[in-house]
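Engineer: Here is how the chains run, residue by residue.
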Amino acid sequence: MTRTALVFILLLAGISGPTLAQSGGSATLVVRDHRFEPAELTVPAGQKIELQVTNADSTPAEFESGELRREKLLPPGKTVTIYVGPLRPGQYEFFDDFHPSTRGHLVAR
Amino acid sequence: MLAVALIVFRETLEAALIASIVLAASLGIPHRHRWVATGVAAGVLGSGVVAVFAAGIEAAFAGSGQELLNAGILWLAVVMLGWHSIWMARHGRELAAHAGILGREVATGTRPLAALAVITAAAVLREGSETVLFVFGIAASAQGGAAPLVAGVFIGVAGGVVAGVLLYLGLLRIPLHRLFAVTGWMVLLLAAGLAAQGAGFLVQADLLPALGDQLWNTTWLLSEESVPGRILHTLVGYVARPAGMQVIAYVATLIVIGLPMRAISRAGRVKAVAQPL
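First to last, the sequence lines map onto chains A and B.
In short: position in the first sequence from 1, add 905, done, that's the numbering used here.
In short: position in the second sequence from 1, add 745, done, that's the numbering used here.
Bound-form chain A, shown alone (with noise of 0.2 Å):
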């Protein structure tokens, strides 16, 4: 089972070796309103990308996506890191979910 399991490890470093290398994207989104400003965001596919996420609301907020498997709080006035990626190209929906309402989404090309 152990021999298994690090042979899977090893093929699992394998797989994702050459996007490791990749890194340097980033982009900005703003909280406002309880709306997302962009509401549809454009970054490099393949590519780590830094995500700054300001909220602009005096109210927490939390930005949560299943699709880039991200959450994290936002303290009201506070701009926060969230790293994503590299990401296959396509739209990955994102949302506040303090208030479910509150969507956009990310292309990644």
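In short, the hints are calculated from the structure, not lab data.
Accuracy of the hints is not assured; some may be wrong.
To be verified - Cut-off 25 Å, straight-line C-alpha distance, at most; resulting in silico cross-link-like pairs (SDA-like, lysine to any residue):
1) LYS983(A) / ARG1014(A)
2) LYS983(A) / GLU945(A)
3) LYS983(A) / VAL794(B)
4) LYS983(A) / VAL877(B)
5) LYS983(A) / GLY882(B)
6) LYS983(A) / GLY810(B)
7) LYS983(A) / GLY808(B)
8) LYS983(A) / ALA884(B)
9) LYS983(A) / THR783(B)
10) LYS983(A) / GLY793(B)
11) LYS983(A) / VAL797(B)
12) LYS983(A) / GLY791(B)
13) LYS983(A) / VAL935(A)
14) LYS983(A) / LEU952(B)
15) LYS983(A) / ASP951(B)
16) LYS983(A) / LEU813(B)
17) LYS983(A) / VAL958(A)
18) LYS983(A) / GLY817(B)
19) LYS983(A) / ALA800(B)
20) LYS983(A) / PHE881(B)
21) LYS983(A) / PHE806(B)
22) LYS983(A) / PHE1000(A)
23) LYS983(A) / GLY951(A)
24) LYS983(A) / GLY1009(A)
25) LYS983(A) / GLY801(B)
26) LYS983(A) / ALA804(B)
27) LYS983(A) / ARG940(A)
28) LYS983(A) / ALA807(B)
29) LYS983(A) / SER886(B)
30) LYS983(A) / PHE798(B)
31) LYS983(A) / GLU839(B)
32) LYS983(A) / ALA903(B)
33) LYS983(A) / ARG937(A)
34) LYS983(A) / ASP938(A)
As the list claims (entries may be wrong) - Over 12 Å on every C-beta distance to chain A, these chain B residues come out as not near it, computed from the model:
35) LEU751
36) ARG755
37) HIS778
38) ALA786
39) TRP828
40) GLU839
By construction, the Cβ of each residue, glycine as well, lies at the ideal position given by its N, Cα and C atoms.
Given the coordinates of chain A, work out where chain B should sit on it, guided by the hints.
Structural biologist: For chain B alone, coordinates are given in the frame of chain A:
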């Protein structure tokens, strides 16, 4: 009110499910209720503290404070679940066979009671601080006054607790000689799932490599946002789109806790056969 109730329910559900699993898994250990209750109280208190210092925590460790805190809480719970599992592998038979009349070691020796408290505290704290922030955010924006808000929180918490109690009562219906085998597996999978969640936070903070952002995607089969998906996420760590690092954390936890568990419980079985009590 309904929106508040739903969000509070979701956050309470996770903690309640974890608490009921550890309560069932520790059936027969004296004073377990007191320790689990202490854990819940500590978790609620801690949630308030974390919520108050949320902005400071966020800014700590170059903006990775939230992720480090979450991963720390989750991994502490994993270690405690591991301790509990291995202890139960050693003493579960004794507890099941002599319910009420405990062996000397179980009665007087080191019991994983602190583990029970820490696991529940961690489970409550993890989702609790978010719930506190959410509720205070709503209260601050004063949408519709205090009464619906209080009602929503109450309904949400009550719903989560009811779900936990139902799981607990369901587990108690399992015959005693089989219960610990079932809860042993549940605790093991729970620990693996929490370890994977912890790894996910460190990937989000860029402290660990993702090793493949999305190894596979089973959303078509079961969405993580659906109620069954969320319950499975809590119970066995179901992730529809796992990162490679999460899979490694999951498998590593299964091995590190599961192998000694099996070895100890096998040795116990051999001893029991050799020296029938």
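Engineer: Each hint: holds or not?
Structural biologist: Here is what the structure says about each hint:
no., hint, in the structure
1, LYS983(A) / ARG1014(A), "violated, 28 Å"
2, LYS983(A) / GLU945(A), "holds, 21 Å"
3, LYS983(A) / VAL794(B), "holds, 19 Å"
4, LYS983(A) / VAL877(B), "holds, 18 Å"
5, LYS983(A) / GLY882(B), "holds, 15 Å"
6, LYS983(A) / GLY810(B), "holds, 14 Å"
7, LYS983(A) / GLY808(B), "holds, 11 Å"
8, LYS983(A) / ALA884(B), "holds, 20 Å"
9, LYS983(A) / THR783(B), "violated, 34 Å"
10, LYS983(A) / GLY793(B), "holds, 20 Å"
11, LYS983(A) / VAL797(B), "holds, 15 Å"
12, LYS983(A) / GLY791(B), "holds, 22 Å"
13, LYS983(A) / VAL935(A), "holds, 10 Å"
14, LYS983(A) / LEU952(B), "holds, 21 Å"
15, LYS983(A) / ASP951(B), "holds, 19 Å"
16, LYS983(A) / LEU813(B), "holds, 18 Å"
17, LYS983(A) / VAL958(A), "holds, 8 Å"
18, LYS983(A) / GLY817(B), "holds, 23 Å"
19, LYS983(A) / ALA800(B), "holds, 8 Å"
20, LYS983(A) / PHE881(B), "holds, 17 Å"
21, LYS983(A) / PHE806(B), "holds, 15 Å"
22, LYS983(A) / PHE1000(A), "holds, 17 Å"
23, LYS983(A) / GLY951(A), "violated, 28 Å"
24, LYS983(A) / GLY1009(A), "holds, 19 Å"
25, LYS983(A) / GLY801(B), "holds, 10 Å"
26, LYS983(A) / ALA804(B), "holds, 9 Å"
27, LYS983(A) / ARG940(A), "holds, 16 Å"
28, LYS983(A) / ALA807(B), "holds, 13 Å"
29, LYS983(A) / SER886(B), "holds, 18 Å"
30, LYS983(A) / PHE798(B), "holds, 13 Å"
31, LYS983(A) / GLU839(B), "violated, 54 Å"
32, LYS983(A) / ALA903(B), "violated, 33 Å"
33, LYS983(A) / ARG937(A), "holds, 12 Å"
34, LYS983(A) / ASP938(A), "holds, 15 Å"
35, LEU751, "violated, 9 Å"
36, ARG755, "violated, 9 Å"
37, HIS778, "holds, 32 Å"
38, ALA786, "holds, 23 Å"
39, TRP828, "holds, 21 Å"
40, GLU839, "holds, 28 Å"
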